[in-house]
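A.B. asks: So you can see what is in the structure, the chains are spelled out below.
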Amino acid sequence: MARTITYREAINEAIAQEMARDERVIVMGEDNVGGTGSPGEMDAWGGVLGVTKGLYGRFPDRVMDTPISESAFVGAAIGAATGGLRPVVELMFIDFMGVCFDQIFNQAAKFRYMFGGRAVTPVVIRTMWGAGLRAAAQHSQSLLPVFTHIPGLKVAAPSNPYDAKGLLIQAIRDDDPVIFAEHKMLYDTSGDVPEDSYALPFGEADVRREGDDVTIVAIGRMVGTALEAADELAGSGISAAVVDPRTTSPLDLDTILELVEDSGRLVVVDESNPRCSLASDIGAQVAQEAFGALRAPIQLVTGPHTPVPFADSLEDLFIPDASRVAAAVKTAVDWTK
Amino acid sequence: MARTITYREAINEAIAQEMARDERVIVMGEDNVGGTGSPGEMDAWGGVLGVTKGLYGRFPDRVMDTPISESAFVGAAIGAATGGLRPVVELMFIDFMGVCFDQIFNQAAKFRYMFGGRAVTPVVIRTMWGAGLRAAAQHSQSLLPVFTHIPGLKVAAPSNPYDAKGLLIQAIRDDDPVIFAEHKMLYDTSGDVPEDSYALPFGEADVRREGDDVTIVAIGRMVGTALEAADELAGSGISAAVVDPRTTSPLDLDTILELVEDSGRLVVVDESNPRCSLASDIGAQVAQEAFGALRAPIQLVTGPHTPVPFADSLEDLFIPDASRVAAAVKTAVDWTK
Amino acid sequence: MTGTLSSPTAQELTPDELLEAYRTMRTIRAFEERVHDEFAGGDIPGFVHLYAGEEASATGVCSHLDDRDAIASTHRGHGHCIAKGVEVKPMMAEIYGKLTGSCHGKGGSMHIADLSKGMLGANGIVGGGPPLICGRALASQKRGDGGVGVAFFGDGASNQGTTLESLNLATIWNLPAIFVAENNGYAEATSSSWSVATDDIADRAAAFGMPGVIVDGFDFFAVHEAAGEAVARARAGGGPTLIEVKFTRYYGHFEGDQQLYRADEVAHARENLDCLKRFRARVTADGQLDAAQLDRIDADVAALIEEAVAEAKAAPKPGADDLLTDVYVSY
Amino acid sequence: MTGTLSSPTAQELTPDELLEAYRTMRTIRAFEERVHDEFAGGDIPGFVHLYAGEEASATGVCSHLDDRDAIASTHRGHGHCIAKGVEVKPMMAEIYGKLTGSCHGKGGSMHIADLSKGMLGANGIVGGGPPLICGRALASQKRGDGGVGVAFFGDGASNQGTTLESLNLATIWNLPAIFVAENNGYAEATSSSWSVATDDIADRAAAFGMPGVIVDGFDFFAVHEAAGEAVARARAGGGPTLIEVKFTRYYGHFEGDQQLYRADEVAHARENLDCLKRFRARVTADGQLDAAQLDRIDADVAALIEEAVAEAKAAPKPGADDLLTDVYVSY
Ligand SMILES: Cc1ncc(C[n+]2csc(CCOP(=O)(O)OP(=O)(O)O)c2C)c(N)n1
Ligand SMILES: Cc1ncc(C[n+]2csc(CCOP(=O)(O)OP(=O)(O)O)c2C)c(N)n1
Ligand SMILES: [Mg+2]
Ligand SMILES: [Mg+2]
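Protein chains in written order, with the numbering used here: chain A, 1 to 337; chain B, 1 to 337; chain C, 1 to 331; chain D, 1 to 331.
Everything labelled a hint here was simulated from the structure, so no lab data went into it.
The calculated lysine-lysine pairs, modelled on BS3-like cross-linking and capped at a C-alpha distance of 30 angstroms, are:
#, chain 1, residue 1, chain 2, residue 2
1, A, Lys337, B, Lys330
2, B, Lys337, A, Lys337
3, D, Lys317, D, Lys117
4, C, Lys142, C, Lys117
5, C, Lys142, A, Lys53
6, B, Lys53, D, Lys142
7, C, Lys277, C, Lys117
8, C, Lys89, C, Lys317
9, A, Lys330, B, Lys337
With the rest of the complex left out, here is chain A (with noise of 0.2 angstroms):
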C-alpha cells in the first residue's frame, strides 16, 4: 500500500488493468501507440504526454493511432460504445473539443433519453485540462462547466494519483458515457496508490481537510492550491475545511452543503473562466440550499474573463493562487454586514 506512483502512472495503471480485466476495454486516440506506419519503433509516443506508453505492448489489437479526426473517432468511439465495446478514448487536449462536440453533447449524451432509456453508452473520453504549461490560450482552458452543463455525461477531475486510478476505473466500469479530466500540472505529482485494482464511486466528495472557519471547495488542481491556502491560514488562526469534489457531474452537494451548515463559509475554487463557471454552480447552490447556515458573502475564485495567456507572467496572474485563495477566506472570515 505505501507504494509511491505519479498520477501519469496511475492512469495508465487503471487502464492496463481493466483490459486485462475485460477484454471489451479498447484505448483509442491520436499516437495513442505513436508510430502507426512510419519506419521507426511502434509505441514511440504513448500518447502526447506518455501516459498509454506501453499499453499496446500487452494489447497490441486493443489500443490504436487514429488520424486527426476527432469528430470521427470519438464518434467512432461512441457507436463502439453502444456496439458492446467499452472504448477509452483519447481527446489529446479538451480544447479540441470544439471540432467534435457534437458527437459528445449530441449524441453519446443524450441518447439514453431520446432513445426512452433503450441505450447503453460506456464510453470514457480521456482529455487533458488546465492552465501552467505555457501552452497558451488553445492548450490550457478547463472547460469542465461547459462539460457539466450537459445532462448525460458525467465527469471526474482527479486531482491526485489516488483519485486518478480508482476513478478511472470506475468511469471504465460505468455504464455511461463519462468525460475523464486529467489536469496535465498533475501528471508528475506522486502519491500512495494501491497496486491492487479499486473502484471510487462516483458523486462521493473527498473531505481532504477538516476545518471549522470556512469551507473550501476545490477542483482538480485547485485542490492542492486550497490545501497549501489552508495551511498559511492555520498560521493566522484560520481553520479551512478543503473539500474536493472528485467528480463535478455528479457532483456530491449533500457534502458541500453540510460543512457549510457547520462553517457559514463558502470559498469556491475553480481554475475555469469565471462566468456559468463550477464556482459559480456550487455558489449558487450553496446560496439556494444553505442560505440559513451562510454568515459571509460567497467567494468565488477563478481565472479571469480571458482566454489563458502565455507569458509565464501572466499565466501565473491567471491561474488562482495560494494568496488569493486565502485572501478570500479573510474576506468571508473578516465579513460584517
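We have chain A; now place chains B, C and D with the ligands onto it with these hints.
C.D. replies: Relative to chain A, chains B, C and D with the ligands alone:
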C-alpha cells in the same frame, strides 16, 4: 412609433437596414436565400423559419447560401470579418454548435487576445435557441451558458421585437464577435418597433417591471414568463420586479445588484439546464456581491438536468412556467431562518 | 472504381424475399403517406421529414443485413427504421409523442431508434451518423462476428466534415462499413448540383481510398445488387464502400415546406420512376410474383397502418414521472 | 488534374527576387535552428514546432503574395510568418513571451500573427486555418481587389473535417483560395502513408472539384511555379487549387520529441535534398547569382537572429496591467 411588427420581422428589418447602410455587411447560412442551384425560385426559403426572406431580392450579391459545412462557413464568416467585411452568419439551430464550435470559441473569440489586441473580428452569429417547438433533444437547447462562459464572445438574447431590432443593429456594428440568440418561440410575437434604425447598447439590462419584494431576473422567453408570474403575484399582494439583462455577456450586474439591494430577494429564471447555467451564474455573483442585502435564499428556476423531451406533455414540464416562477418567489418571500 | 449499374438480374431473389422487399417498401410508403395526412390534420407535433420516394434505398440495403449489423440514419429516418425491422406501431406512437412509442415519446420523429434491432437512431444532426457507424463496424471487426455497419446520409450531409472524416477513418482502419449517400437532389431547398463540388458524390470515394458506385435509387434491384457487393466485401474483410443512390423525395424537405425551389419533378417521378410501380411491373412481368400477392400485401399494410394510427392516438402520453428518468443508467 | 512538376525553369525570377527568396529561406532556417538551441537551453517555454527543412514551401508560395493577400498557418507557423513578412524581432520576442512580441507575449509560438501583414496567425488547432482562409478569399472576392487567401496545413490536417469542408466550400463559391498541404510524412509520430487513405493528398482535389498538384517541397522553384499558377488562376477568378508539397521536417514534431518513430531520413535529406543547398547550387551553377552574394545574406541573417535573441531576452515581460486587456474591442 406605434407600428407593431413581429420579432421575425424586426430581425429581418435590422439586417436589411444595416445592409443598406453598410455595404460590408453580408449574410450567409443554410438556405438563407434558399433555392441556390435549384430549378424553382430563388429566395424560396429565406432561412428555415423565413427570417431572412426577401433580403436576397434587395441585396443579391450579399446574401449567400452555404453547403451543410458549418465549420467551413462559420469559419469563413469569421475569416471574412478579419478581412474587412461584417458578416452575419446563421447557425440555424444553436444545437448545431457542436460541429463548428472550434471556429467560434478557439478562433473568433480568442484572436484579439492571442494576437495582443491586434485583431478585430466583427462577426455576428445568428442562431435559434430554446425549447417549446416540440423539436426534441437536438433542436431545443439553450446552450447560452456555454457561449456566455467563453471570454471574447458577446451574447445577446432579445426577449421582444423592439430589443431584437436594436440589439441586432448593435451586434452588426459591434467590433467584437457576437452570438445573437433568437428564441424560436418568439418569432411570431409582436410588439411596437420604430421604423428608424436604432442600436441598443450591450450590457444594459431592461427593468421591465418595478417591484419591491423580490427581483426576478429572466432570460429570453422567460422574461414573458416572469412578467406573467409577476402579474399573478400582484394579486397575492407580492410586488415583483422583472429584469431582462438583454445580453448575458456583457452582463449588467450593477442593475441587478441595485434591485437586490432593495428587495433582498432574488429569483433567476433561465430555461437552460441547471448546472453551470445563467441562473447559477447570476445567483452566485449576487451571493458574492450583495450578500448583505439578501433576506432569503436565492431561487434558481431552470430546466431540469435532462435533455429536452419530445412529447408535449413532457416538454411543457421541462420549461419553467409562470406557476413555477411564482412558487419560487413565494418560497423566497415566505422564507424565515 | 466509380460506375453506374443498370438494373441487374445477377443476384436472384426468392419469391419470399421479393415479397418481403415489397412489403417493406409498401410499409414505408403507406406509413409516410399517412403521417403526411396526419400532420396536415394538425395532430403531429414537431419537425417531420418523410422518406416517400426513397424506399428502394433503405429496403435494398437492409435486405442484406441481419442482427449482427447496425445502421445509422438521418432526420429522414422512418424508412431506415422500417427496413431494419423496427416495429411500425411503436414508431407511429413515437411520432405522436406517446408513452407506447419506441422511445416512450422522448425522441419523436427525429430520434426514433431501436438498438435491439441494430437501428442506432434517426439523427437530428446532419452528418451525425457516419462516425457512429465507424464505431459499430469497429466493434464487429474486433469481435470478428462478421457484422457490418451502414451509414445512410444525404447529399447535404456529404459536405459535412464528420462524414468526410469517417470515410477516411473507415478505409485506414479497414472497417466493414458501408456509406450510403442518398442523393435526392436537395438539402432543404439547396440543390446538390450546386452544393456538392463534384458531379457525383460517389466521386469522393477515390479521395478516401474506397470503391464508389452510383445506383438508380428508384430501382430496388439496382440498390440491392450494389449493396450486396458492398456488404459481402465488408463481411469478408475487404473494407468500406461508398454507394450513391439517386432519386427524388416525394414530399417537401419537412412537412410544411412549400417547395417553391422545385418544379414538377415529383409528378414525373411518381408517374414514371416510382420504385413500387417498377418493382411490381418487373416481378409480375417476369412471372416471379402475381399481382394478387402484392395486392394482399397492400391491404395488410393498409390495415396495419390504420391500426397503428388508431392505437397511437389512443395511447397515453408520458407524464411527470417520466421527465427525469433515462438520463443515466445510474447517477 | 493531378501531376508532378519537375523543377521548372519556366517562370523566370530576377536576381533581386532570387536574393529575396534566399534571404527568406535562410532567415527561416536560422531562426528555427536558433530556437531549437534556445529551447534546449531551457529558455523558451511551452510547445514549439519548428519549420526547418520546409522553408521552400512558405517561401515559394508567399513570394507570389502581396498586401491584398492573406495566409493562415498552423502550429508550425514560424516559417509562414517570416515568408509573409512578419518581422523577426517581435517574433522572437513573442516566443520568449515578452511584451515586445508580435502579440505582446500573449500568444507565443503557436499564435504568432500579424494581421497588418495578412498573416492570420499560427494556429494551435489542426485544421483551424482553412475555413478562415475561405473567408479571407471571400472578402477579396466581394471587394474585387484581386486578393487571394492561402491556407497552409499538414498531412495530418488533411484528414480533419474542417479542412475537407473548406475545399468543397472554396469550389462552390469559386473562391480565390489556395490550399497548401505540407506533407512532411508525419502527424506527430503517425505516418501520412497510413493516416491518409489515398496515395497522395493531392488526389483529394478531384473530390472537391479543383485542380490538384504535387510538388517536391525541397525545390523552391517547383513550389514557386506551382504556386504561381494557382495564384494567377485564383486572381483571375478561376477558383481554388490544392497543392501538395512533400518534404521532411528536420526536427521532431515539437521540441523534446525523441523521434523513435523514424529512421535517419533527416540526415539524408539534410545532406542531399536540402532546399537551401539546392537553391544555392542551382543559382550559382546557372550564373544567376554568385556565392559571395549568398554568403553575405547568410551573415546578415545570422546577425539579425543574434540581435533578435539578445533583444528578446532583454525585453520586459507583460505584467498585471496586461492580463485583462485585449479580450474585446469594447465590453
Ligand atoms: C449539423 C446540422 N446542420 C444543419 C441542419 C439542418 N438541416 C436538417 S436536414 C437538412 C438538409 C439535409 O439535406 P440532405 O443531407 O441532402 O438530406 P435530405 O433532407 O435531403 O434527406 C438541414 C440543413 C442539421 N439538422 N444539422
Ligand atoms: C484539433 C487538433 N487535434 C490534435 C491536435 C494535436 N496536434 C498538434 S500538431 C499535430 C500533428 C499535425 O500533423 P500535420 O498536420 O501533419 O502537421 P505537422 O506537425 O506535420 O506540420 C497534432 C495531432 C491539435 N493541435 N488540434
Ligand atoms: Mg438531400
Ligand atoms: Mg505532417
